[in-house]
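Participant: Mind docking chains A, G and L on chain R? Use the hints.
Chains as they are written, first to last, in the numbering used here: chain R, 1 to 109; chain A, 1 to 109; chain G, 1 to 109; chain L, 1 to 109.
Derived by calculation from the structure, the hints in this document are not laboratory data.
Don't take each hint at face value.
You can't tell identical chains apart in this list, so a pair holds if it fits in one copy or across any two.
Stated by the list, open to error - With a Cα cut of at most 30 Å, we get these calculated DSS-like pairs of lysine-lysine:
hint	residue 1	residue 2
1	LYS30	LYS106
2	LYS16	LYS106
3	LYS79	LYS25
Note that the coordinates shown come from a computational prediction; the quantities given were computed from them, not determined experimentally.
Number of protein chains: 4
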Amino acid sequence: MNGESTPEVVEPPARKAMGCEPEIKESNLKRLRRIEGQVRGLQRMIEDERYCADVLTQISSVQEALRAVSREIMRNHLKHCATSAIRAGAGEAETMYDELIELIYKHNR
Amino acid sequence: MNGESTPEVVEPPARKAMGCEPEIKESNLKRLRRIEGQVRGLQRMIEDERYCADVLTQISSVQEALRAVSREIMRNHLKHCATSAIRAGAGEAETMYDELIELIYKHNR
Amino acid sequence: MNGESTPEVVEPPARKAMGCEPEIKESNLKRLRRIEGQVRGLQRMIEDERYCADVLTQISSVQEALRAVSREIMRNHLKHCATSAIRAGAGEAETMYDELIELIYKHNR
Amino acid sequence: MNGESTPEVVEPPARKAMGCEPEIKESNLKRLRRIEGQVRGLQRMIEDERYCADVLTQISSVQEALRAVSREIMRNHLKHCATSAIRAGAGEAETMYDELIELIYKHNR
Numbered sequence: 001m002n003g004e005s006t007p008e009v010v011e012p013p014a015r016k017a018m019g020c021e022p023e024i025k026e027s028n029l030k031r032l033r034r035i036e037g038q039v040r041g042l043q044r045m046i047e048d049e050r051y052c053a054d055v056l057t058q059i060s061s062v063q064e065a066l067r068a069v070s071r072e073i074m075r076n077h078l079k080h081c082a083t084s085a086i087r088a089g090a091g092e093a094e095t096m097y098d099e100l101i102e103l104i105y106k107h108n109r
Numbered sequence: 001m002n003g004e005s006t007p008e009v010v011e012p013p014a015r016k017a018m019g020c021e022p023e024i025k026e027s028n029l030k031r032l033r034r035i036e037g038q039v040r041g042l043q044r045m046i047e048d049e050r051y052c053a054d055v056l057t058q059i060s061s062v063q064e065a066l067r068a069v070s071r072e073i074m075r076n077h078l079k080h081c082a083t084s085a086i087r088a089g090a091g092e093a094e095t096m097y098d099e100l101i102e103l104i105y106k107h108n109r
Numbered sequence: 001m002n003g004e005s006t007p008e009v010v011e012p013p014a015r016k017a018m019g020c021e022p023e024i025k026e027s028n029l030k031r032l033r034r035i036e037g038q039v040r041g042l043q044r045m046i047e048d049e050r051y052c053a054d055v056l057t058q059i060s061s062v063q064e065a066l067r068a069v070s071r072e073i074m075r076n077h078l079k080h081c082a083t084s085a086i087r088a089g090a091g092e093a094e095t096m097y098d099e100l101i102e103l104i105y106k107h108n109r
Numbered sequence: 001m002n003g004e005s006t007p008e009v010v011e012p013p014a015r016k017a018m019g020c021e022p023e024i025k026e027s028n029l030k031r032l033r034r035i036e037g038q039v040r041g042l043q044r045m046i047e048d049e050r051y052c053a054d055v056l057t058q059i060s061s062v063q064e065a066l067r068a069v070s071r072e073i074m075r076n077h078l079k080h081c082a083t084s085a086i087r088a089g090a091g092e093a094e095t096m097y098d099e100l101i102e103l104i105y106k107h108n109r
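With the rest of the complex left out, here is chain R:
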């Protein structure tokens, strides 16, 4: 892949995952590369003025693919970060419950 392309997103100071299983990481990267390809496919569909319903169906398929990545990351989050916080004690656990509820109900629709 070309690493020279446009600077896209500036991330805040990076917090790290507590644990990250190599197979999960690799499969998520693979999924995200496929999603990137799908998004480029969507651009071509728009350029070609493809039938709206076909574009909408394709967008929906990208959304499902993102949801599948999200699901794997949430599983990893529960298994490592959340478990570690919940086992650490009441204070850490309470903060983790808030964070999880926010993730599940605000961000995951």
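Facilitator: Here is chains A, G and L on its own, set in the frame of chain R:
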């Protein structure tokens, strides 16, 4: 308009949109290029083993961005393709209702 | 105006549907009565302190049932109210597109 | 109309919550009684052949209300049932992750 460079990905026989306003088309392309950048940003986050909750929040933001594109395309679809079918007569209208319901309730969650 | 026992929802001045097929109306009423029963079932589950995951699964099943009602009403809306507006002329049509987009993207998640 | 005690839902053998805070329980019951009222309000709207868009908006408001109950129950679930399982050991924890992922990604949309 004229095919100087042929697209590489083979899509099914392309149905075309009935109408496509140039400003909408341009703004959707711009959004999709930004989404492509966000998806590459997600890949870097996974590579860097960034904190799961931050990745999940970022995925959710990509999903909202896709939803905004979907919204614009649906508006265009209603305005051009759906309106044309609904004005054409009962048969075309009926097929369009089915298609819309499928798009709204199956694909748009 | 007010039913004997429970003062629940005060509705704004009633706008009417343009058309309402009797079978659809009856089947929606039947579905909503079943949903009412499910909501009472949920109250009993909470009173009995039933296992949270079972309550959550039941809530999700009520939501799917509501979505099925919503789907039927949207179909009726497209077939009657939306079609009538779209055939009436550009002004009415434009107002209907806005309303539909609002319903689909704001209210239907 | 006002059936005394209609047999609605046959529940499977009841599993119990690990913990249930009395204020949460009371507030969830209150919310569910309000939701029951809203569902009866929806029945009246259908009977009166109210404007479809108004019915759809009201359905969406019931769904948001159910989502708020679901959110409180999920928080309770994390705090009591999930925490207990996660602290109990690897086997129980693993089963709980699966259950949570199922609840979050299959049932919560």
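Participant: Which of the stated hints cannot be reconciled with the structure, identified by number in ascending sequence?
Facilitator: none
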